[in-house]
Structure formats: C-alpha cells, structure tokens
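Sequence order for the protein chains is D and X.
If you read the first sequence in the numbering used here, its first letter stands for residue 1, the second for the next number, and so on.
If you read the second sequence in the numbering used here, its first letter stands for residue 1, the second for the next number, and so on.
Hints are supplied without guarantee of correctness; some may be wrong.
[Claimed, not checked] Part of the chain X face toward chain D, derived, beta carbon under 10 Å:
no., residue
1, Trp13
2, Asp15
3, Leu19
4, Leu23
5, Pro125
6, Ile153
7, Glu158
8, Leu195
9, Gln197
10, Ala206
11, Gly209
12, Tyr210
13, Cys211
14, Glu213
[Said to hold, decoys possible] Sample of chain X residues facing chain D (criterion: CB under 10 Å; computed from the structure):
no., residue
15, Trp9
16, Asn11
17, Leu74
18, Ile78
19, Leu81
20, Phe154
21, Gly204
Since the hints were made in silico from the structure, they are not lab data.
Ideal Cβ placement from N, Cα and C applies to all residues, glycine included.
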Amino acid sequence: MTAPPLAVRGLEYTYPGGIAALRDLDLTVERGRKLVILGPNGSGKTTLLLHLNGTFRPTRGEVLLDGCPAGYDRHALNQWRRRVGLVLQEPDDQLFAATVGQDVSFGPLNLGLTALETRERVGEALAALRIADLADRATHTLSFGQKKRVAIAGILAMRPEILVLDEPTAGLDPHGVVHLLNALQRLHDAGTTLVFSTHDVELAYAWADQAAIFQDGTVLRQGETTAVLADRELLQRARLRPPLLLELTQLLPGPLLRSREAVLAQLQERLRVNQ
Amino acid sequence: MQAIDHHAWTNRWRDWHPLEKLLPALTLLVLTLALPLLSIGPLVLAATVLATVRGAGVPLQTVLSVLAAPAAFLLAGIPFLAISLSFTAGFSLHFSPDGLLLALETSVRALAAASCLTFLILTTPLTDLVPLLRRVGIPAGIVELILLIYRLIFVFTERALTGRQAQAARLGYSGIQRGVRSAGWLAGALFQRALEQARRLEIGLAARGYCGELRVLTPERPLSWPRLTIVMAFVILIGVMGGLLAGGWR
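Next up, chain D with everything else stripped away, as it sits in the complex (with noise of 0.2 Å):
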C-alpha cells in the first residue's frame, strides 16, 4: 500500500505563552477522497489546518507527506505549498490585491510561471468556480460569496493536489453554499483532493466520504462518514448532534441514504403505502 499524501502522527502544538492547542493528533488524508474536520468552533480546527501547509511547526509529533517527515526549510515549504493549497475562513485575510484578476495572478507567480502561463491559469481557475465575470471587479466591491470564491480561486490557480479549507461554508447564504459545493465537487471529479472543516454535521453528512470528529484539541475518530456519524455516544462527546438526515434514513428500512431528495422520496413513499 502507498502512503497517503498527507498525514498527521502524534501531533501537539501549544502556542507561544503555553496555550495547549492541540494533543496526539493522528490525521489522514487519502488521495482522491473528501475528508470533513468536524468539531465545534473554537476547538483548534483552525490551528490544524495551519499544520497542514506548514504555517505551523508541531511542538511535537510529525507531518508526514508521501510518508516522509515534512521539512521546514524554505524549499521545502514551497514544494510542500504547491501540493498543499489552504483556504482560510475569513477571505479578507488572504485577498491583497486591487482587482480579482490580478490577486488570483500571485499564486501562480510566485511558481514562477511566465505572464501567459498565468493568465491562463487564472482563467482556469476563475472558470472552475464561475467568476469569469469578476476578473476585472475591484475586490473591495465584491460581497461575502463573492469575496470566498475569489479566495478559493486564488489557490486554485496554483493546482494543488490537496485543497484544504478551513469553514468553506460559513457565512454563505443556502444559494452561496449550493454554489461552492457543486464548485468544489467539480474539482473533485477532475481529481483534486479535498480537506475541509465544519461544524455543520448536516453538510457533513451529506457530503463528505470521510469524517474526522476533532474535539478538545484532537481528532477522536476517523473513519467513514456514515460509520462515525452513527456513533451517538462520538458525537455526544464533541458536543455535536447526529444530522437528521440520518436519523430519518436510519428510521426507514434498507441502505443508508445520503441524500435529502432520496430520503425525502423514500419517506412518501412510506407515507403513501399507510394510506
């Protein structure tokens, strides 16, 4: 068996003024697969992910890619960069520049690719996630949505191997999250493996192959997505509360279903079979 790409042993980090953030974290990223961090807010989701492109170094423990320890040193930091894209939550965080084109151009640059290169690249990217529109938009002008699909097209434009977000979904409205999954579900498709983390067990559960329940500064199971999220006694635990889609298939006899229309479907039909 090869090495997963990416993955996480016995990892601890406290902050700088002795803050414990995270203990003996064991994660894994599978090639091709759609892992979800699930755990409530505050927790150290964030301060993971950060470990997951090298942002942070660990106290303790390792950063495996390809199976071997991950360095630090600026070279390595680069190649790690590139396979490795992270999203952060709050966009305003990680757009710089004046105009939409011209900050989704940065990462590419910084590749070192030429100037046609990356126009193409940001076409590319900008395409993936239907803002095509929006190249020449001031950023300062954009909405929220807006704002998180520039930011997503940003790391895009570097294609990564990985994508890592970091609550892709919050502060979207419905319309705005449709939108970013199904982007983010093409992206899949053509092969990109994606990392994100939530709190919302609904999207999860819907979504995600593989769950990691994060509580406490650590990741208390991880395993697959219908398995861990049928483990009340888990989620109880991390405060969380098993989605209701679940619930409802659970209640209907035959496969687990994880879709709200095929749950939906099933239920009147069993409603229709009663009268």
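Knowing the structure of chain D, use the given hints to seat chain X on it.
The following block gives chain X in isolation, referenced to the frame of chain D:
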C-alpha cells in the same frame, strides 16, 4: 471617497489606457499653472467638467461635490487677499481692487487645477495609475505598499464603520465627552486589529508562495494612439484658445 472610487471603476472611460487620461489631465494642469493668463482657468474648468460629465458619464452632482472641498477652501481665502491690513498710520483696513483681482485669479486657477485632478481620479482607478508609477522607475516596494494600503483602506473603513455603529447602538456617542472616549477606544481596537490582520494576511499570502514580493499580473490595455492624438489635439486647442481670448481682452 467611496463615491469617487465607485465612479473611477464604473465610468464610460474606465477601459481607456490610463495614459490617455493621465497625459491630457497633466498637460491641462501644467497649462493652467504655467500660462500667465486669466482666461485659461475657466476654459480648463469647463473642459474637464464637461469631459467628466458628458464624456465619462460621471454625474455632475458627484463632480461638484468633489470640487466643493477645494472651492470652499478658496472662498475662505478671498477676503484675506482682497482686504489689506495696514499698520502704517495707526491701524486701518482697506479694500484693494488689485487684491480682489489677484484673489479671483488665484481661485479660478486653483479650481481649474483641482478640476484636472478631479477628472483623473473620477475616471481612472488607482490600480490603473500605479503600474505607470512602476514604469517611470518608482521602486517596486513603494508601489506594492501603495496598492496594499489602497486595499486595506477599504477593509478598515468597513471595520471602523461597523465598530462605530456598534458603539452608537450602546449609546457610546451620546454626549461629547463620551463620544471622544468611544472614538479613542475604537481607534485603539482598530490598531490592534490592524496588527492582527497583518499577521493573518501574512499566513494567507504564505499559503500562496509569498516570499517577499507581491507580484501580480496587470491586465494589458492597448494604448489607442488615434484617441490619444484627438484628446491631445483638444488640449492644445484649449491652450491656444486661452491665449487668443487673453489677447482680445488686453
């Protein structure tokens, strides 16, 4: 400021090459300041306001409100030039016609000069002008700083506004003393936030391979020589007309 920025990004001449706007604006500015003629001022003023309103499609209201600030300043200055104070024989105040003419000329000239720059800022976003700075040899570091400040101004004005609203909602601005104190707290909080923001922006940029240089791709806008020629012909025409009008008066 938000209004200026909005029009700079959305006016009809937005897609012109910045040089096609910068060159006429600067030439008119130089003409206004250099030519010793009273007639050039009103001509330049009329031409630039007309170009901004009829040409670029910026509402007259906006142009006037941008020009209002320097105009008020100039208006306040007129009495000081028109009335002279003398201490020779005791103390006397007297009105001087020469002074009034000087005041008028100075005001018109200054207003015309301001209108040149108003035309430029209302039709051209800063981001279009900055690459020109780089081309004339301003160091990359300074250019990056200008662009970063431009971006962050909007982030922080938004924060400052919401912060003020939140304070006002808790009656932080009822009374002068309380208002001053609230404003002080807000400023302190914003300063702290700015530092935090800087730290997080660094993380965000590092994730995209930042190593000390903020390089971005600037869209190439073709320079239209015919358009530049026509615009500059108009500018020269204004200069000549100013000269002829002045000749007729004297």
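How the hints compare with the structure:
1. Trp13: violated (14 Å)
2. Asp15: Cβ of Asp15 of chain X sits 9 Å from chain D, so the hint holds.
3. Leu19: Cβ of Leu19 of chain X sits 18 Å from chain D, so the hint is violated.
4. Leu23: Check failed: Cβ of Leu23 of chain X comes no nearer than 22 Å to chain D, outside 10 Å.
5. Pro125: holds (7 Å)
6. Ile153: Ile153 of chain X check passes; min Cβ-Cβ to chain D is 8 Å, inside 10 Å.
7. Glu158: Interface hint status for Glu158 of chain X: holds (8 Å vs cutoff 10 Å).
8. Leu195: violated (13 Å)
9. Gln197: Since chain D brings a Cβ to about 7 Å from Gln197 of chain X, closer than 10 Å, the hint holds.
10. Ala206: holds (6 Å)
11. Gly209: With Cβ-Cβ at 3 Å, under 10 Å, it holds.
12. Tyr210: holds (7 Å)
13. Cys211: holds (7 Å)
14. Glu213: Since the shortest Cβ distance to chain D is 8 Å, the answer is holds.
15. Trp9: Nearest chain D Cβ about 5 Å off; hint holds.
16. Asn11: violated (13 Å)
17. Leu74: At 32 Å from the nearest chain D Cβ, Leu74 of chain X fails the 10 Å test, so the hint is violated.
18. Ile78: violated (39 Å)
19. Leu81: violated (41 Å)
20. Phe154: holds (4 Å)
21. Gly204: Cβ of Gly204 of chain X sits 4 Å from chain D, so the hint holds.
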